[in-house]
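Quick note, the sequences are listed as chains A and B, same order. Quick note, this note's numbering runs 8 ahead of the 1-based positions in the first sequence. Quick note, this note's numbering runs 56 ahead of the 1-based positions in the second sequence.
Bear in mind the hints are in silico, worked out from the structure with no lab data behind them. Hints may be right or wrong, so weigh each one.
[What the hints assert, rightly or not] Okay, derived cross-link-like pairs now, EDC-like style, lysine to aspartate or glutamate, Cα gap no bigger than 20 Å in a straight line:
(1) B/K98 with A/D115
(2) A/K195 with B/D223
(3) A/K171 with B/D223
(4) B/K98 with A/E193
(5) A/K107 with B/D223
(6) A/K20 with B/D350
(7) A/K107 with B/E351
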Amino acid sequence: LIIGVSGTALQKNVSVGSPAKVELTCKLDENSNLKNPQVTWKKGSETISHTSKTKNSWTIQLTISDASHLASYSCILKGEVEVSATFHLQVPKIEGKEKPIITYEGDLAVMVCKTEYAPMNWTWSMSNGTELVAINPSSDANKFRIKRQSANVNRLEILKLTKEDSGVYWCEAVFRLGNSKRRFELKVLSIFVPLKPFIAVVAEVVILVTTITLYEVYSKNKGEEGEREFDQIEQL
Amino acid sequence: ASEAGRAPGPPDGGWGWMVVFGAFVSIGFAYAFPKGLAIFFKEIQDFFGTSYSEIAWVSSIMLATTYGAGPISSILVNRYGSRPVVMFGGLLCGVGMISAAFCTSILQLYICVGFITGFGLALNLQPSVIIIGKYFLKRRPIANGLAMAGSPVMLCTLAPLNQFLFDNFGWRGSFLILGAILLNCCVAGALFRPIGAGTALVKTQVTEEGKDALKGKFTEDGKEMSSALNVPMENKTEDEGEKDCFKKINQYLDFSLFKHRGFLIYLIGNVLMFLGFFAPIVFLAPYAKHTGIDEYSAAFLLSILAIVDMVARPTTGIVANSKWVRPRIQYFFSFAIAFNGACHLLCPLASSYTGLIVYSSFFGLAFGMVCAMLFETLMDLVGAARFTSAVGLVTIAECCTILLGPPIGGILIDTFGDYKYMFIKCGAVMVLAGTFLFIMNYYNYRMLAKEEKERKTKEEDPKSVRTENEGRKNWNKDSTQDGPELEPLREEGEGVKKEMNGT
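Bound-form chain B, shown alone (with noise of 0.2 Å):
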């Protein structure tokens, strides 16, 4: 009987570009948010009469909660699938702002904005950036792309918008109306339709030739072991299916993670880069006017920023989607990071209002490549099925590098009284952790290429299969997961329907 109506594997396409779209609202307010509000703290702070360090707590708890949530954002993915997690996400954030609006104290901001709002947002952008992982695989990078542009247009129109709110309602007002504006978030997380069973675990130095001849394994994280008796209906949820008390930990929160080699290069990467990634971008305007450029002008300067953000997102999607770059995806990541280290590295040289100029737009080039593939290359590593623990324990290990890279700047601003030296500090950070990463994946992929050859060798079974690219010790490791696909491999029937699925 013929199955091919039925795609087991990633749809890369359809409904799932109704996915990306809802990924994009919901990324982009969940990055964007935070920095609106930045136009609504001065009036706060005379309203309330705090200094302005109180004030920036309030941006700083919200930034916290949303990277430091993200291990119980992945746990409850991990329960209920991403629709609930995201809709729910939604609901706090309007709870929260419309309870900001009638706070009276800034401790009150604190929870109503920093805690609930910010939690409501963790819920947000750990779902969104799963889900892609669910609906795409050959067009995943241009998916990765597409949703993360959102950052940069939701801030292109969430700043005129705040500023448009805030003289016409005030602060309270402003916070009620985005209470409701937040909401939509909901919206987004109603796209996020739960996809069915057979979600292909995949792996890097897959071609996009070789991808088609890629069998799917149907298992994610041993919840539907005995899927693959049951034919996959398009609609299904993603944890029916029986639990192993076993699997019940690792269910929750994958912690193996932490010996596989590729998360652990990542890791390491990312909370080094991100100690030089954010400050840069605080701290243009306030370096534009150092130089005496008028106030317009430099927000102009975070305006070509956004710009070319925007256009660079998924314009870097489609080119790490492309058959030359896809393989080597992890290279092209770590280019992009150390190319925004030389962009900071030679900030210091521009001393004209053009020479910002064109720093800010090679900035914008590179701060989009990077958040394109941020994800992207973290789901090439784990596969789309740990990707899920994976993001929430990558986003809690960023989150103390994240909040402490502005603050470092700063001082160094204040103590040098130059900005050049911030500018050196992000740039040599950046470039230290692109090569770091340039270096270490040469070697995963060396590693994972011998590996492979290895398997390959003692694979017996006459169908070429490819499962995932795991290292062997880690294969070993998951073999619990893996245990269940290695028993129908040996049955001829269970072979034959597998093979069938997997095309």
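Only chain A is shown next, with the shape it has when bound in the complex (with noise of 0.2 Å):
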């Protein structure tokens, strides 16, 4: 993985699926303010040497086989001003839904965790008060049903959804340099709670039909008997 950040001060996430080789490079633009400056690769807090440099760019290179090698590492050019780029090395981090899922009481419920890499394994649990509780299929293959869409899309659906199915999931992907967790939730409603305004509407249409439709049968009624007046008019 190649790298390349130019000009003033900037983070990039980058992420690391499995132990892999990673090269960082600094690339400074060529009609910056900045000349020669003095290169600074750091690890965190502590300085780490690089391993190749040209004209305007500063690389190094890492290895990365276990989790205390994902760090942020940050290159920092000091000359008449000091310009950095800080990059973040972690784990995939899980997509999925920010907002609370909202489902209905004997419907479907579905949560997809998206990953960039395909992790080892995937696993699902739900929050019961403070633990947590695993979600295994097998022992209830009625209720639960885990779907691997894909090598990065697990799915997991609930079926028969109940009251007390609301609350809080996790969905966890497990790589070899780290975990990713992300954090759904899930609200179960009663079919009366949308009936409500739904029945509202269908009122103020009723009513507003019926008011048209009155109001045209009153003008009409009106204009007959104006007609009427007029047509004995036009016979005198």
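The task is to assemble the complex, starting from two chains supplied on their own in separate frames and drawing on the hints.
The following block contains the structure:
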């Protein structure tokens, strides 16, 4: 993995899925004010030596083989001004729904976790007060189903929802270099919750249609009365 | 006896403004609802475990049904009038979305949301546009502009509303409530009071002053031949009177429109235009993100577009109604289309966020201008009576290009990896369409002026009666419909009555 960063202070997240060799490069823009800066590479707060350098770029090579190697690496260019860039090396994050998932009793709930790189394993668990209860689909096949849509995407289905199923769920992706977690909130509502606004809107429609019809009948009657008078005047 | 109290010509006001409001709501739902549904797609995609394109089909089916069912809508309006059709359409939409709330497969969604709701929206769109033509003449461009403004207003309302419903009720609850909201189309339909006979068939080249002298024709596709003898009443329904079997076919869907020069020009120009019309909107936000702009700013671009659009439509209506523009409204329309195209062609030059904001504003303006006049120009060309059939035929023809536009744009983007070719294609297509319409309408105006002059010299009637400015051959073709009016013209008594009714 080679990443180039130019210009002013920047941050970049680098996802490392499995042990790999990583090259980080800081490249200085030709038009920058900084000329011949002094460059230091740091892991966290301690200085490390750089592996190679050219006229305007400085590189370090890292071998990431266990969790301790995952940290924030920064290159600092000192001259008239100080410029720095930081690379945050970490396990891949899980993408999933941020907002609470709204479902209904008797319905199906779906939670999908997605990562950039495939983990070794996926686990799902539910928060029961303070403890985490693991979800085992084989023990309760009628209730839970875990589907592996692809190596990167994992999916939990909860069937026949009840009110007790509301709560916090966790999806965990296990990598060689560490774990990544994601939180889901599930809300199970009863069917009557949306029914109230539904009935309100239907009532509004009925009232409006009735009003318009009545108004029309009223003005029609008025019009007919006026015409009858008119015809009488004509006959005269 | 004076009949000044009765106004057999279009009212151009009064209850008409309530009708405009109803059309505003109806048209707004028809155009904005499919776009507003996009918020739910990600969740539904996850729920059913399908791919994005399978979900996109819901939108496509809905759009295709809304446009494709145009002729059916026209036939129903010709037969039953606008009001029952719109109310039935509203009910259908409601039923469609309510049943969609209980769907358990993507196929059921295709049917409930795609077909049923789509068909309901089609039954909303056409009649709303048609009834404006029945209620307005002098102020028709304004009425059209105001009614078409329903689309951006509804979109701006539906987008946050849908998000709110989704956050609180999930997609199923939202569909249920949206079904109820769609029932409001029935309210809009209730406002569409059927209007009596005597809606004038008018044409282009009529100035504001000239319109006052215009004498209205009594029939609508020959349905009310005998209405010349009846005193038209304010709230009489449109389809009373004998129907000749002769006119029955034409009465349902007027295929003779395909021989109408103006109609053909409009059809070809519009079909071409729609190839490049919607794609830029679809790809504006992705393009913005592609150039590095964050999601919220990209969404803001669309909001700018919608707000400018909202203002542009009624404004265009007012401008188009002015005495300088109305006789040359077709040129104004072609200009608007070409302006749209020019915007797209210039878009690749805008690379910064400010540039894109400028582009969005101009795009919103151009988009609003075209939409406001979309149906007005068709009404102007074929007249209010034949508009019912015309709009049905036009929408089914546009259906194909509307659906093709964004996918073609998508292919261009994927092949070249660059958005600029899509903008160039859209811009080029629209400039071409605009130029085509401009040239052909220039030709059409010339021909109409020539035919008008020919007919005037042949007229021996002492009163200057201005009838529809049709082409010579079209006039003969329609003589079956025009026939009954010519007879009363020759009779003195009827002629006087006709003249009085026309003022």
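Original post:
Checking against the hints above, which ones are violated?
Top reply: Hint check: nothing fails, all pass.
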